[in-house]
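Chemist: These protein sequence lines map, in sequence, to chains W and U.
Take 37 as the starting number for the first sequence in our numbering and just add one per residue.
Take 37 as the starting number for the second sequence in our numbering and just add one per residue.
No false leads were mixed into what you were given.
One copy or two, it doesn't matter: identical chains are merged, so the pair holds either way.
Straight-line C-alpha distance at most 27 Å; calculated DSSO-like pairs for lysine-lysine:
| id | residue 1 | residue 2 |
| --- | --- | --- |
| 1 | K584 | K570 |
| 2 | K587 | K563 |
| 3 | K390 | K447 |
| 4 | K236 | K530 |
No lab work stands behind these hints, which were simulated from the structure alone.
Note that this is a predicted model, so its numbers are computed, not measured.
2 protein chains.
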Amino acid sequence: MGNKYSIGIDFGTKSGRAVLVEVETGKEIATSIYEYPDGVIDQELPLAEEKVELGTDWALQNPDDYLQVVYRTVPAVVKEAGVEAEQVIGLGIDFTACTMLPVDEAGEPLCNKQEFRNRPDAWVKLWKHHAAQPYATRLNEIARERGEDFLKRYGGKISSEWMIPKIWETLDNDPEIYEKADRFMEATDWVIMKLTGEEKRNISTTGYKAIWSRETGYPEPEFFKALDPGLENLVEEKLSTDIYDLGLKVGNLLPDIAGKLGLKPETAVAVANVDSFVSVPAVTVTEPGKMVMVMGTSICHMVIDRKEQFVPGMTGVIRNGILPDFYGYEAGQSAVGDIFEWYVREGIPEYFLKEAEKNDKDVYQYLEEKAAELRPGESGLLALDWLNGNRSVLVDADLTGMILGLHLNSKPGEIFRALMEATAYGTNMIIRTFEESGVEINELYACGGLAQKNETLMQIFSDVTGKPIKIAASEQTPALGSAMFGAVAAGSEKGGYDDIGEASKKMAHLQEKEYRPIADNVEIYSKLYSEYEKLHDYFGRGENDVMKRLKAIKQRYE
Amino acid sequence: MGNKYSIGIDFGTKSGRAVLVEVETGKEIATSIYEYPDGVIDQELPLAEEKVELGTDWALQNPDDYLQVVYRTVPAVVKEAGVEAEQVIGLGIDFTACTMLPVDEAGEPLCNKQEFRNRPDAWVKLWKHHAAQPYATRLNEIARERGEDFLKRYGGKISSEWMIPKIWETLDNDPEIYEKADRFMEATDWVIMKLTGEEKRNISTTGYKAIWSRETGYPEPEFFKALDPGLENLVEEKLSTDIYDLGLKVGNLLPDIAGKLGLKPETAVAVANVDSFVSVPAVTVTEPGKMVMVMGTSICHMVIDRKEQFVPGMTGVIRNGILPDFYGYEAGQSAVGDIFEWYVREGIPEYFLKEAEKNDKDVYQYLEEKAAELRPGESGLLALDWLNGNRSVLVDADLTGMILGLHLNSKPGEIFRALMEATAYGTNMIIRTFEESGVEINELYACGGLAQKNETLMQIFSDVTGKPIKIAASEQTPALGSAMFGAVAAGSEKGGYDDIGEASKKMAHLQEKEYRPIADNVEIYSKLYSEYEKLHDYFGRGENDVMKRLKAIKQRYE
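If we strip away everything but chain W, and leave its shape as in the complex, we get (with noise of 0.2 Å):
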């Protein structure tokens, strides 16, 4: 019958990608992605009959492109690598968080009945939907003012990301939506009960993202109630409390989505999952010590342990929240590629622009090709890497970036080598407050584009934190991520694994490359590194609120 396979499936914010795995080995056979045809809902509806503005910071998705992701690509990566439906043993997928959306009883979304198509809380809210901000800082005032010892999990902050904001926004902004929806669902379980039939809520968002723990449960009805008499039964009435741990096995595929698909009625459908977490297994890392690092538009930081620990600005720690046995920390940078990614388009000036064609590079190439010609401290530049607020350990989206010694010779290479290094000052910020929390951090792990594409970005990062870093061989992480907990739901019986652990060893990779910290670089970060940590507590921790009036008073005129 051959070798064994698993499929992954990534659903990024603008598209999805299945990748179709050996089980034996983790080669990567075949990949197909597929962009969301709505992609980012975030000026009106996308509806035919009327127009529905949306509000600034909403971000909606809808449900129906995610099932066209699979639809799509899981039938593509099967015919191109040509295998047999009876060897695709399992399949896993990974999902932004907290990506939600309220459906009726029968699992049916309510943007999809003709009633709410017009109404925008029906639709999906995207992890990046900030409008319910309002909600969560009162949220947190409450949970503060009321002791709630739940705080401590998540760094003191919840997140206007996060489910009960949006939960809330919903009952506060339309009522009857609130009242209709059956339940509140992350939308990747949601999937995974699309493809299964099996409604088995995953530990990790729930954990998460909706300030549930196993020994605690979600917080009391007492509390909800405080926030708004109407959720004090939502709990109860509208979240499952059926919370299930990662690696396990929701069920197999409903035969009529085996058949659209290509695939036996008997693959083994893994819990669902979420993008970072599934990487860490993939980056080869199933124990304490190491941190892993996905590094694109921002970074997202996780590292696992045997003891819980209160870090201050974690976005969180989950028991069983990442791997099975251990708590689960993640911290994050809300920006980092996007800093790049600003700064060129922004920026550069056009005599850059020309050089680099020049030079026959791309603006980034060029770039860090100038970047690189500069040794640590050489730019005499500092910057804070806020510009996109701060995530860990400040949780504070009301801070803006700086950049501080310029001088009329200051030129575009310096610049972009100043934001890099001031983001590996963030990255060390959060690595210092974790060891300081007695989480043990030894080597780094990345994956992720920037850690894929950015050599001079990688040495920094090694040089700011002392600390060696590898890098993932594959260049599809996550969904690679997500094929191994395919196979850990098959189980060795069918030719899978019995657990992510012994998945991991046979199916993930390193690079070769390995990036090891030169001292002497080490020896001059650690004092640049103290000057970013000085103006970091000085614009961060409250002695100069300047950036929150500055802010105040640009809104104003919003």
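Following the hints, position chain U against chain W.
Modeler: Okay, now just chain U, sitting in the frame of chain W:
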């Protein structure tokens, strides 16, 4: 015999320009510009026979270039205007300062002697020759240790651009040049000497640049000895102590020079002057309470008063230094137009250039237009205008620029406006410091390229300072001012004026357009200015010397 005319020659950094002006009205009849053939000599000496490279921060000029300006531009304006030699009754000049040179007994520059031509210290040291910084630093240390009273007249610090550090550098670099120098002269006095045969040192450069005052003269020999025993008798041996007020007549043109220029030998020649100071009466200012800003690559701020006050961080206060019978105060910002030029050169993206082109605007116009669309504080950005250090009131060349409030949507128009606002805050800091020290400032008067061209900038200056701003009508304010002093040298008997106040009333004019503070803007800017002030003091007054520490690290690589 018809109308009377006067000629003003303005010697700039790269070129000189003559303007022929109608004495009765101040009308500018003809202009001629000549670029210095050797320009700014900052790489190697202009020698055919051998290559002599200059060190970092050197900036020399060739004194022959100044005479070429006279020989070429003066006949050109006389010819262009079509006036008779007899009608030109006076001539005045103004110069950059301190721009100085060593000469022999006959007044011949040492660099013109074959044996010294390849010796850098024999040439003219231009105002922006900064290689004497170590001497200035040491001089300030010694002056402070000795409790020298003169420091308070210069805001507490002698600049490396001034005469004594430049002379000390010559002694230290090349003792033979020092020894062979019969005297060290300001280039402005030297040119007047060449035209008239008379050496009459002007009070302005002596006072502002050579640590001299009418009351106390130069520093004591003991002070010079403390610098270097070789300097002990510097004043007695090599500096003129024969000091003349502005507005006086030095003499008439030497007959052979007059012949060369197509003028009469009876043409009266005024005491040499400085480019910024001649601008004061040329923008109609001859009384206290009115600050004049010469706005170009940098800003020079001048105000006159009947009292002597010691203003922290001003460049200098000299009795009769700007206008007779007043104490003249000078302060400055070391980069203003230079900051905008830096941003246009290093920070404007291609799409913005294309938009500008599509709108049929040059990039400055389009930036100004975009900036003008924003209201105060709408950018959310705040900058420190120290991209070339801070001249007043911190007097610290090691400070650097900063921009804060950056986010992923920050646009060029916003950044440009923040930079403009920063320069206005810098000027406001100077104004406030003067006011707090008891020097009254009720109105602002501006001349120079930026004042003429950038209406948005001028409105911002008015809104930030809360003061009205009047703008010079002339685009050649310094040359007009010099012509005015030429008319005063001629005197009323010859058809000129008896004092500069009278000349100013008749010959100086303002634009009709006047900028007035807009109440709403003033209110927001007072908030933003207090944010600027807080950061100014935090970074500039020792609370966090990060800028200096970054510079020190950077300098390791130089």
